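Colleague: If you want the building blocks of each chain, they are given just below.
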Amino acid sequence: MGDESIMYSLDQGTTKTYQIPIGHLDYKFIEKCTDVQHLEKILRVLRSGEEGCYPDLTLFCEKRIEHLAPGSRVLRKDKPAATAADFTAEEWETINGELMSWVAEMNEDDNKPEFLKTGTLHEGQDNLPPIRCSSSCLPAFQNEKFQNKQRNKKNIPRDYSEWDKFDVEKECSKIDESSEENNSKARFVSRPPPPLIEKQVNTTGMTKKEKIFIATREKEKGNEAFASGDYVEAVTYYARSISILPTAAAYNNKAQAEIKLQDWDSALQDCEKVLDMEPSNVKEIVLPVRGEAALGKAEMGNAQRKFHSKGGGSKLEDRGTQKQKESTESGLKKGTEEKKSQKTDHEGEANGYLNSNQTSESPEAGQSSRSHGAGSLSAGAAHSTSLPPAAAKLKSEGNELFKSGQFGEAVPKYSEAIEYVISVGERSPDDLSILYSNRAACYLKGGNCSDCVQDCNRALELQPFSLKPLLRRAMAYESMERYRQAYVDYKTVLQIDSSIQAANDSVNRITKTLIDQDGSSWREKLPPIPVVPIAAQLNRWDGGNFTSEVKPKSPTDINKEEQLQMNREKGEEKFRTLKNEGNDFVKKGKYDEAVNKYSECLKLNTKDCTIYTNRALCYLKLHKYEEAKQDCDHVLQIEDCNIKAFYRRALAYKGLQIYQASVDDLKKVLLIDPNVLEAKKELEEITQLLSLGGVAVADCQQKQRKKITIQEVTDEQEEGQLETAEDVVADNLSSKEAVQKCVPSRTCEKLTISEPSNAYDFGQIVNAVNASKDQSACADLLTITDPKKLPVLLSNKLEGEIFLIFIQSLAHYILGKDPGLVYQHLFYLSKAERFKVVLALLSKNEKEQVQRLFDLLTENQNHQYSLEELDSLKKVYEL
Amino acid sequence: MSAAGLERPQVVVHAQQSLNYTVFDCKWVPRSARLLCLGSAPRGTGVLQLYELRGGRLLLLSEVSGGRSDSAGRPREAERSPLPPAEAPGNGGLRGQPQHLVSAPGPACCSGRRRSRSAAALGVGARVSFPVNLEAPEIPVYSVKGHKEIINSIDGVGGLGIGEGAPEIVTGSRDGTVKVWDPRQKETPVANMEPAQGESKRDCWTVAFGNAYNQEERVVCAGYDNGDIKLFDLRTMSLRWETNIKNGVCSVEFDRKDVNMNKLVATSLEGKFHVFDMRTQHPTKGFASVSEKAHKSTIWQVRHLPQNRDVFMTSGGAGSLHLWKYEYPAQRSKKDSEGAEMGVAGSVSLLQNVTLSTQPISSLDWSPDKKGLCVCGAFDQTVRVLIVTKLNKV
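For the record, the sequence lines run as chains A and B. In terms of UniProt numbering, the first sequence opens at residue 1 and continues consecutively. In terms of UniProt numbering, the second sequence opens at residue 1 and continues consecutively.
Treat the hints with caution; some may be incorrect.
Pairs of lysine-lysine, DSSO-like flavour, derived with a Cα cap of 27 Å [unchecked claim]:
no.	chain 1	residue 1	chain 2	residue 2
1	A	K624	A	K525
2	A	K79	B	K370
3	B	K334	A	K79
4	A	K208	B	K370
5	A	K817	A	K789
6	B	K335	A	K79
7	A	K77	B	K334
8	A	K512	B	K334
9	B	K325	A	K512
10	A	K512	A	K590
11	B	K293	A	K260
12	A	K209	B	K296
13	A	K41	B	K371
14	B	K293	A	K79
15	B	K370	A	K209
16	A	K211	B	K335
Simulated from the structure, these hints should not be mistaken for laboratory data. Only a predicted model underlies this, so the values are computations on that prediction, with no experimental measurement involved.
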């Protein structure tokens with residue numbers, strides 16, 4: 001322990017560049033460390049080799065970082081280009097073969113006569129727009145600046161004759177004008193007109209190859225626009241591609257984009273075209289798209305007569321039967337889920353570009369639809385008994401249709417069932433809720449999100465916190481891009497059943513989106529997430545038998561909350577700013593101001609634990625332990641296992657010297673999380689203090705003050721964040737500081753001062769003693785040190801502080817025992833290097849201390865020195 | 001290399017050719033397996049070479065060594081460019097033969113910074129030479145002294161190649177001006193963007209066309225040595241937007257010239273690049289952007305994959321190439337507190353990086369015809385033909 005502490009005090013305990021404790025360069029530490037930034041620093045140190053070369057450890061660290069943050073920048077290494085060795089023989093063959101055949105093709109083309117080298121620059125000039133700014137074609141609306149430019153252009157290279165004609169004032173006014181205009185221009189944001197992209201491409205005089213090339217390029221543009229979510233533009237570019245050279249792929253992609261735009265008619269038409277063009281091989285690819293389009297169309301029809309008793313206009317039925325026929329034709333008797341996934345596969349082959357887009361969507365869609373199917377099935381089975389037989393029949397029909405993927409057909413069945421149940425007047429909320437929920441599922445499948453949300457709302461009104469409607473509403477919200485509501489719904493779902501993978505995935509996805517959208521404070525913009533009563537959670541396992549305990553939380557409630565939310569936002573805004581200001585003050589070390597800010601915060605919101613813990617931190621810094629303790633108590637009343645509150649209360653108790661309570665709190669901290677290193681250290685220390693009694697009371701205040709890390713102010717958002725992590729996160733500086741803080745107490749307890757053999761040892765001990773202001777230790781040191789050696793041992797290291805502590809320890813400890821030794825020390829001290837300098841720099845107060853020592857020496861005069869000697873020494877000390 | 005590593009695109013050196021001159025720029029000739037290399041010999045003469053890719057090797061088809069050796073001390077006085085024209089991208093596209101090439105003298109390639117003395121001597125041109133006939137490359141089809149100082153950068157659009165509208169060429173010069181030329185009007189530029197009187201003239205390092213999705217719309221983006229990026233709208237003839245990225249702008253490029261402007265990448269001297277989402281312009285905040293510190297040295301070039309605008313490659317001063325992919329955010333625009341539309345930037349992810357040389361890679365060009373084929377020229381006097389694999393899976 002002693003060695004270690006000395007090592008730390010010598011600053012060898014940390015790495016040179018980042019001041020990371022050497023102990024962190026260790027397999028165990030790296031394995032546990034979750035702070036990527038810290039790990040990156042460690043890796044940089046390891047790579048630099050300044051602490052030695054450890055290839056295995058470096059590799060291990062890299063792997064750990066890769067595991068935590070695969071995109072980390074430190075993992076980027078300079079790599080040579082790939083060679084044949086990096087590929088399998090086949091891959092290499094393919095890569096080279098492809099290129100070779102392309103080269104051959106190109107060279108062949110060159111030799112064909114159709115590429116005559118006669119084209120001139122002005123060919124095709126007829127189609128070209130006129131030369132910019134040639135006066136004949138200058139559109140009237142082109143502004144003056146443009147003309148100015150022309151003028152400038154002419155005027156600037158002036159010859160001497162032109163300068164003669166130069167009218168200074170006129171020219172100046174022109175410049176003023178134009179500069180004014182410039183200013184206004186800069187501020188004026190010229191809104192681009194809506195993109196007018198021609199849907200046709202003029203292909204006159206193009207060879208077939210050129211057409212293919214341009215058509216491909218236009219299709220690629222369409223694909224890119226599709227990928228970036230701009231479906232209108234995508235459709236335009238696909239249309240352009242088709243106008244040059246109609247291809248099945250372009251039609252198919254266009255249909256896809258049109259589906260996204262819910263332009264079902266055009267989508268259907270395009271699908272038909274594809275079928276016409278390539279009836280045999282592409283059928284499986286197109287059918288699902290077509291089915292989807294047809295479905296969408298049917299859905300539209302349905303949406304309009306949602307509540308009509310008997311749906312089924314002839315057209316609708318036609319569509320349905322047609323669709324069925326098709327699916328039997330192609331032998332796809334599976335559900336739409338399968339179709340969808342198949343579509344994905346084929347799509348991938350047909351059009352690699354859209355592939356990534358599709359795959360990312362489809363698994364989730366497939367999964368969710370499957371769960372819907374299953375859900376409605378089970379719902380049907382479980383509850384059909386309580387429904388009136390007619391409604392039950394309708395419902396099971398609807399379920400059948402749903403299972404076979406005919407969502408549009410299922411909707412009227414469910415609607416009918418709902419109406420029947422309502423008209424019969426039987427109040428069975430469970431069944432009605434399920435019916436609504438099932439219809440919502442149909443709407444969701446058909447892309448009719450707003451109706452889906454409505455039905456879900458109704459279902460939830462009847463049965464609050466039932467899983468499926470919530471999940472469906474979340475999905476609907478998500479596809480309507482109302483991410484906040486979706487997030488809240490998913491979260492609620494997870495409260496009910498945390499094992500729903502789809503919800504988990506969606507929450508992650510939405511979180512990312514919201515962060516993109518709102519920045520780091522996205523959480524604050526969320527509507528409140530309703531707390532699910534335990535009963536509802538249990539209910540789920542009971543199989544849906546709701547008891548009266550469940551406090552209904554209707555959607556209207558939610559709406560009200562949203563309204564309230566608006567009012568509340570203002571307050572929250574203020575709350576947030578105050579809190580941030582407080583945090584800033586903490587960072588700057590202005591704890592008084594921070595306390596004020598936090599107190600204001602608490603006036604606005606008395607329930608935010610973080611404010612209390614933050615304020616407690618400030619109180620600790622200000623040594624107001626009583627207040628700190630009160631804040632922590634308060635937090636613990638609200639939240640009985642807030643680890644920070646326990647930790648800070650422990651520190652407060654320590655400050656109040658109530659060690660037993662402090663130890664108790666620290667033990668609680670370690671019970672909650674045994675990995676909190678700080679708490680462990682603190683516990684050790686206080687246990688020591690307890691055993692030592694009040695010996696080190698004076699020291700402990702200092703120590704504890706410096707030990708607190710203020711890291712959490714920056715990320716107090718993460719309430720789950722524990723001090724362990726912070727401990728690691730904490731700047732190298734503060735961790736180093738913390739380590740150093742431990743030194744003094746240990747030195748004074750453990751440092752059995754042995755006689756220093758050389759100046760270096762002496763310097764070490766003096767530094768340690770000086771750091772802790774431990775006069776008794778210093779006295780020990782001086783007692784065992786031969787006064788004659790003092791100038792040698794001190795060499796040129798004598799400083800004011802050292803001088804002072806010598807004087808103090810001589811006066812307080814040694815004088816009573818051995819005045820002669822005091823005289824000897826004073827005598828030889830005056831012979832030390834730098835003595836005069838130190839003496840000259842002593843303050844008045846310090847001089848008085850020296851004076852007092854001499855007075856005491858005079859009083860205790862004995863045979864070891866005479867008064868004359870003392871007087872002459874006094875002169876040396878300039879007294 | 002692990003199997004997982006192979007899922008990502010790989011960069012393979014297919015062919016490489018040592019040159020006896022310093023190469024500044026290299027370009028593919030559209031609809032062919034040929035490429036042009038342009039550079040300067042140690043004596044200070046310009047060199048233009050036409051190579052053909054054949055059987056994994058580069059075959060020299062023709063070479064022009066132009067201009068006269070200039071005394072390094074008086075480079076700007078040269079009347080005639082010693083450098084035969086370099087091809088600029090975009091034009092001459094589909095005619096199978098590269099007889100319509102937009103060209104400019106001098107370092108169309110040498111993007112300004114750290115230009116060596118000999119390079120400066122080479123850049124004397126300050127001339128714009130117009131489409132050359134590769135059958136007789138010695139004779140520029142058209143040439144005009146367009147700038148007072150060397151031309152740093154050139155770009156072309158329209159005509160028979162990429163983008164709608166008139167065939168135009170834009171040049172950016174050290175004299176601080178950006179000029180747009182139409183080959184049909186020989187003597188004067190059709191537009192001239194220069195600093196207002198009294199403003200200091202900055203060295204324009206890079207220019208790029210964009211937004212040419214119909215006959216009227218067109219913008220020019222210019223990057224300057226002080227980090228300014230300016231966007232000029234050629235339809236309204238106004239400065240549409242400007243920003244500063246703190247360090248010299250080495251290269252700017254729109255992801256596609258011929259669509260409603262979508263993204264712009266600007267690379268800078270200190271190794272960062274910025275991707276601007278150009279779809280939504282906020283009245284005060286301009287365009288949303290994301291930046292990434294990529295190379296440890298200057299990023300000399302950025303080039304978007306012609307077949308997929310969301311993939312682009314940057315070339316660094318330490319001989320490295322980085323391949324990136326831009327991911328769009330869930331919503332590309334949002335309303336700010338005042339209801340104005342505001343763009344949302346996405347993110348960029350690194351697909352692959354390789355180090356080919358110890359010298360800067362000064363030029364980079366994707367083949368417009370073969371996806372994944374690209375050529376790069378480095379200051380170690382080598383051109384390399386690269387294949388980037390698996391680009392259709394990103």
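Colleague: Now look at each hint and say whether the structure bears it out.
Modeller: Evaluation of the provided hints:
1. For the hint pairing K624/A with K525/A, the CA-to-CA distance comes to about 35 Å; that exceeds 27 Å, so the pair is violated.
2. Of the pairs offered as hints, the one joining K79/A and K370/B holds, with about 25 Å between alpha carbons and a cut-off of 27 Å not exceeded.
3. With a C-alpha separation of about 40 Å, the suggested pair K334/B and K79/A falls outside the 27 Å cut-off, and the hint is violated.
4. For the suggested pair K208/A and K370/B, the alpha carbons sit about 18 Å apart, so the restraint of at most 27 Å is met.
5. In summary, the hint linking K817/A to K789/A is supported, as the alpha carbons are separated by about 21 Å, within the 27 Å threshold.
6. Of the supplied pair hints, the one linking K335/B and K79/A is violated, its CA atoms being roughly 43 Å apart against a limit of 27 Å.
7. Using a Cα cut-off of 27 Å, the hinted pair K77/A and K334/B is violated, with the two alpha carbons roughly 37 Å apart.
8. Simply put, K512/A and K334/B have alpha-carbon atoms about 16 Å apart, close enough for the 27 Å limit, and the pair holds.
9. Proposed proximity of K325/B and K512/A is supported: the alpha carbons are some 18 Å apart, at most 27 Å.
10. The suggested pairing of K512/A with K590/A is violated, with an alpha-carbon distance near 35 Å, which exceeds 27 Å.
11. Restraint check for K293/B and K260/A: the C-alpha separation of about 36 Å exceeds 27 Å, so the hint is violated.
12. With a C-alpha separation of about 43 Å, the suggested pair K209/A and K296/B falls outside the 27 Å cut-off, and the hint is violated.
13. At most 27 Å may separate the alpha-carbon atoms for a hinted pair to count; K41/A and K371/B exceed this at roughly 39 Å.
14. Distance hint between K293/B and K79/A is fulfilled; the C-alpha atoms sit about 18 Å from each other, no more than 27 Å.
15. With a CA separation close to 14 Å, the supplied pair K370/B and K209/A stays within the 27 Å bound.
16. Of the pairs offered as hints, the one joining K211/A and K335/B is violated, with about 41 Å between alpha carbons and a cut-off of 27 Å exceeded.
Checked against the numbered hints given earlier, this structure breaks hints 1, 3, 6, 7, 10, 11, 12, 13 and 16; the rest are met.
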